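Participant: These protein sequences, in sequence, are chains A and B. If you're matching positions, the first sequence starts at 1 in the numbering used here and goes up one per residue. If you're matching positions, the second sequence starts at 1 in the numbering used here and goes up one per residue.
It is worth saying that the hints were derived from the structure and are not from the lab. Misleading hints may appear alongside valid ones.
[Unchecked claim] Footprint (simulated), chain B over chain A, 3 or more residues, beta carbon under 8 Å:
| # | segment |
| --- | --- |
| 1 | 104-110 |
| 2 | 126-136 |
| 3 | 239-246 |
[To be verified] Pairs of lysine-lysine, DSBU-like flavour, derived with a Cα cap of 35 Å:
| # | chain 1 | residue 1 | chain 2 | residue 2 |
| --- | --- | --- | --- | --- |
| 4 | A | K374 | A | K348 |
| 5 | A | K393 | A | K333 |
| 6 | B | K218 | A | K210 |
| 7 | A | K266 | B | K205 |
| 8 | B | K71 | A | K318 |
Bear in mind that the values here come from a model prediction, so they are computed numbers and not experimental data. Here a beta-carbon is modelled for each residue, glycine too, at the ideal position from N, C-alpha and C.
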Amino acid sequence: MIVHKAIIPRGDESEIFANSACLVIDDFPNMRTMLAGLLRSCGANSRMIESAANGPEAIAMLGKRRYDIVLCDYNLGTGQNGMQVLEEARHKNLIGPACCWLMVTAEKTTDTVMGTAEAQPDAYLIKPITEGTLMTRIQKIKAKKESLAEIDRAIGARDFLKAIRLCDERVQVDKANAIDLLRIKCDLLVKSGQFDKAKQSYENVLNLSKHEVPWAQIGLAKALMQAKNYEAACELLEPVVDRNRSFLEAYDLLAESYIALGEKGKAEHMLERALSLSSNSHKRQRAMGELSLELGNFERAEQSFRKSVTLAEHSVGKSPDAFFGLAKAVSEKGNPQEALKVLDQLEKKFGGEEVKLRAKAAEGLIHQKNNDPKKAEEVAQELSAMLERTAVKLDSVGTKEMAELMLLTGKRDKGVALLKAEVMNNPEDDDHLESVREIFLKAGLSEEGNAMVEETRREAVESMNAGILLAKSGDYDQAIEKMRKAIEKMPRNVRLLLNTAHIMITKMETNGADLTAIRDVRKHLLSANQIAPNDPRFSSLMSKLEALAATTRG
Amino acid sequence: MADTPRVDAMLFLASSVHDMKNSISVMIGVIKKFLAITPPEEAENYQEMANMLYETQRINGNLIQLLTLYKFSNDIYPFAMEQVDLNEFADAAASHVAPLLNSKNIDLDIDIEEGCLGEFDVDLITGVVVHAMNNAAHYTKDTIRLAAHMVDDALEIRVEDNGRGFPQQMIEEGIAAMRGINFSTGSTGLGLYFSAAVAKMHHSKAEAGSIRLENGGKLGGGCFVMRLP
Numbered sequence: 001m002i003v004h005k006a007i008i009p010r011g012d013e014s015e016i017f018a019n020s021a022c023l024v025i026d027d028f029p030n031m032r033t034m035l036a037g038l039l040r041s042c043g044a045n046s047r048m049i050e051s052a053a054n055g056p057e058a059i060a061m062l063g064k065r066r067y068d069i070v071l072c073d074y075n076l077g078t079g080q081n082g083m084q085v086l087e088e089a090r091h092k093n094l095i096g097p098a099c100c101w102l103m104v105t106a107e108k109t110t111d112t113v114m115g116t117a118e119a120q121p122d123a124y125l126i127k128p129i130t131e132g133t134l135m136t137r138i139q140k141i142k143a144k145k146e147s148l149a150e151i152d153r154a155i156g157a158r159d160f161l162k163a164i165r166l167c168d169e170r171v172q173v174d175k176a177n178a179i180d181l182l183r184i185k186c187d188l189l190v191k192s193g194q195f196d197k198a199k200q201s202y203e204n205v206l207n208l209s210k211h212e213v214p215w216a217q218i219g220l221a222k223a224l225m226q227a228k229n230y231e232a233a234c235e236l237l238e239p240v241v242d243r244n245r246s247f248l249e250a251y252d253l254l255a256e257s258y259i260a261l262g263e264k265g266k267a268e269h270m271l272e273r274a275l276s277l278s279s280n281s282h283k284r285q286r287a288m289g290e291l292s293l294e295l296g297n298f299e300r301a302e303q304s305f306r307k308s309v310t311l312a313e314h315s316v317g318k319s320p321d322a323f324f325g326l327a328k329a330v331s332e333k334g335n336p337q338e339a340l341k342v343l344d345q346l347e348k349k350f351g352g353e354e355v356k357l358r359a360k361a362a363e364g365l366i367h368q369k370n371n372d373p374k375k376a377e378e379v380a381q382e383l384s385a386m387l388e389r390t391a392v393k394l395d396s397v398g399t400k401e402m403a404e405l406m407l408l409t410g411k412r413d414k415g416v417a418l419l420k421a422e423v424m425n426n427p428e429d430d431d432h433l434e435s436v437r438e439i440f441l442k443a444g445l446s447e448e449g450n451a452m453v454e455e456t457r458r459e460a461v462e463s464m465n466a467g468i469l470l471a472k473s474g475d476y477d478q479a480i481e482k483m484r485k486a487i488e489k490m491p492r493n494v495r496l497l498l499n500t501a502h503i504m505i506t507k508m509e510t511n512g513a514d515l516t517a518i519r520d521v522r523k524h525l526l527s528a529n530q531i532a533p534n535d536p537r538f539s540s541l542m543s544k545l546e547a548l549a550a551t552t553r554g
Numbered sequence: 001m002a003d004t005p006r007v008d009a010m011l012f013l014a015s016s017v018h019d020m021k022n023s024i025s026v027m028i029g030v031i032k033k034f035l036a037i038t039p040p041e042e043a044e045n046y047q048e049m050a051n052m053l054y055e056t057q058r059i060n061g062n063l064i065q066l067l068t069l070y071k072f073s074n075d076i077y078p079f080a081m082e083q084v085d086l087n088e089f090a091d092a093a094a095s096h097v098a099p100l101l102n103s104k105n106i107d108l109d110i111d112i113e114e115g116c117l118g119e120f121d122v123d124l125i126t127g128v129v130v131h132a133m134n135n136a137a138h139y140t141k142d143t144i145r146l147a148a149h150m151v152d153d154a155l156e157i158r159v160e161d162n163g164r165g166f167p168q169q170m171i172e173e174g175i176a177a178m179r180g181i182n183f184s185t186g187s188t189g190l191g192l193y194f195s196a197a198v199a200k201m202h203h204s205k206a207e208a209g210s211i212r213l214e215n216g217g218k219l220g221g222g223c224f225v226m227r228l229p
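Start from the sequences, fold in the hints, and give me the full structure.
Facilitator: Spelled out as structure tokens, the structure:
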């Protein structure tokens with residue numbers, strides 16, 4: 001075949017391959033040979049191509065050396081699938097941002113290609129793969145990664161504002177990646193809490209394109225949801241799922257928005273539709289389980305949680321929540337023995353003090369629920385002993401469950417102390433305070449609860465403001481000392497963490513940076529970001545901190 | 001309950017097709033390898049192998065189309081438009097038909113301006129264009145032309161050949177396929193129906209995509225034209 005082409009072919013592309021370490025992951029020996037052959041004919045060095053037959057083998061190899069190119073089949077027989085291998089490799093930091101990960105699939109389905117998994121490969125290749133496709137895809141991915149490297153680094157350091165600036169700069173010179181840059185920038189605007197700007201950017205994309213742009217539709221919906229404008233998110237997404245019925249992510253976001261609006265029936269319908277198209281997402285099954293619990297449909301809650309547990313078995317992203325949900329559903333169905341068995345399984349699968357504490361609380365509540373107050377009290381006693389021995393603090397869900405058990409079994413002081421900490425950490429979150437009052441109500445202590453919540457809330461706000469007043473008068477050292485003590489009492493109070501970071505940064509900006517303080521500020525900022533992602537103050541403080549850190553490096 | 005067995009049959013059909021596709025993609029790989037190491041001087045072996053490749057790719061193409069149509073009708077095809085450099089697209093599509101064209105000594109003219117961009121679902125459109133090129137390879141004398149240009153605010157992709165052109169009946173079947181009717185008696189029904197379905201999924205806010213068959217073009221033979229707004 002002689003190809004006549006008007007344009008001049010580009011330079012020697014095989015150089016990209018010649019120095020690349022490649023890994024082929026496929027359960028069929030034939031396919032491994034074929035894929036390795038394909039890499040060779042693209043110019044890869046035979047001695048630098050290795051292969052693995054399954055997930056564990058691949059993970060072990062990825063742990064030993066850095067690969068530049070990974071060709072991974074989606075379907076790896078029993079055990080992990082390709083997406084779960086990628087997920088684990090990312091989670092364990094076995095692949096850097098420069099690594100090209102290509103997922104090979106026999107066919108394109110919503111399950112294989114649009115998994116809701118966080119870890120997305122750089123490209124999907126549909127079998128049969130030709131040398132030409134592989135060559136152009138890898139070449140393009142490499143070029144894109146080089147163009148985005150600096151932005152990736154800024155995002156890695158969580159300096160979102162710098163990353164946004166870099167996106168603006170790059171888009172001027174890099175037309176080939178313009179769409180990706182725009183998309184990354186929009187996402188960063190959401191991450192840095194600039195919802196209005198994000199909304200505007202997404203709307204621009206949607207208005208200017210002559211086609212529908214799914215990523216911008218999803219992005220806009222997420223920005224609206226972050227700004228708690230759930231009505232607008234629904235209005236946007238409802239026509240989207242009617243026109244594009246395979247668009248699973250849109251169903252999931254709609255369901256989430258309906259739940260936030262209290263429209264559980266609509267949420268149920270949406271999740272049912274999404275599950276009928278694809279029942280293979282452990283997160284979607286868990287969402288259905290949780291919704292079913294709330295709707296009192298314990299039969300379906302049990303089924304959904306069981307599916308979720310099975311689907312997540314080989315995933316690093318599996319969470320104990322599905323087990324807790326399952327135990328609750330089974331307990332509600334009046335089957336305490338079965339529920340306790342679920343908790344046993346949970347503790348075998350997940351280590352860690354946090355899971356043990358929460359499981360203990362769940363165990364007590366199961367006995368309480370199934371009319372065995374004596375057993376419940378024993379368990380509450382055990383839990384108190386555990387709490388005294390440990391420094392571990394549970395998240396809100398876990399803490400509230402422990403408190404509920406304590407109050408229901410008559411350990412009033414313990415329960416109140418736990419809930420007091422919850423109020424200290426979230427004194428300005430009305431929904432949260434309401435959920436604390438509800439626990440008191442369940443235990444028949446409504447009045448006492450209301451008084452405690454009000455008093456604690458005031459105490460928290462006062463101690464948060466005390467530091468600020470001192471800082472305003474210019475006494476940074478005393479202010480910081482005061483706030484350090486306050487953080488000890490309310491380590492998960494986001495505003496306090498951010499205020500403290502703010503004052504410490506202001507002090508350094510006036511008096512000069514020091515490494516210990518920079519380390520402390522970073523710690524405070526990262527915990528705030530973990531508890532409340534997308535807070536606008538986080539990103540501006542982080543950017544200031546990075547600038548200070550740069551001055552200490554000289 | 002009466003519906004249940006039918007649904008099961010469809011599922012089996014789909015999963016078996018999926019399974020067969022895996023085997024066939026291994027077969028295609030092996031045949032290509034043998035073709036590459038067989039010297040063309042061994043004319044008879046070489047020709048037979050080339051035919052085998054053509055037939056195997058035809059089966060593969062048909063299976064993909066069947067499977068994809070099944071997914072369309074069940075809302076489980078993850079349709080995704082992306083920006084595509086048409087020259088890169090053409091190279092990739094050409095690499096699918098290269099062994100076949102080589103074995104039959106057919107030349108390929110690629111006529112696409114540098115920097116020409118389109119927005120479409122790459123996998124679907126690759127499937128359609130490769131299928132059209134395979135057909136053209138069967139009917140052409142010695143040359144195929146793959147061209148892409150903007151015409152009236154839409155991208156037109158053309159696969160032309162210098163064979164005897166389409167009979168009138170085929171051209172009408174092309175029109176019928178766009179209307180969703182299939183009165184074909186030959187083997188071409190699936191391909192046209194699939195191409196039309198894919199074209200229609202690519203719509204802008206103003207216009208839906210389409211396909212048509214015509215005679216003439218730069219090479220004077222049959223032309224397959226796909227219009228993507």
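Participant: Checking each numbered hint in turn, tell me which of them this model violates, lowest number first.
Facilitator: none
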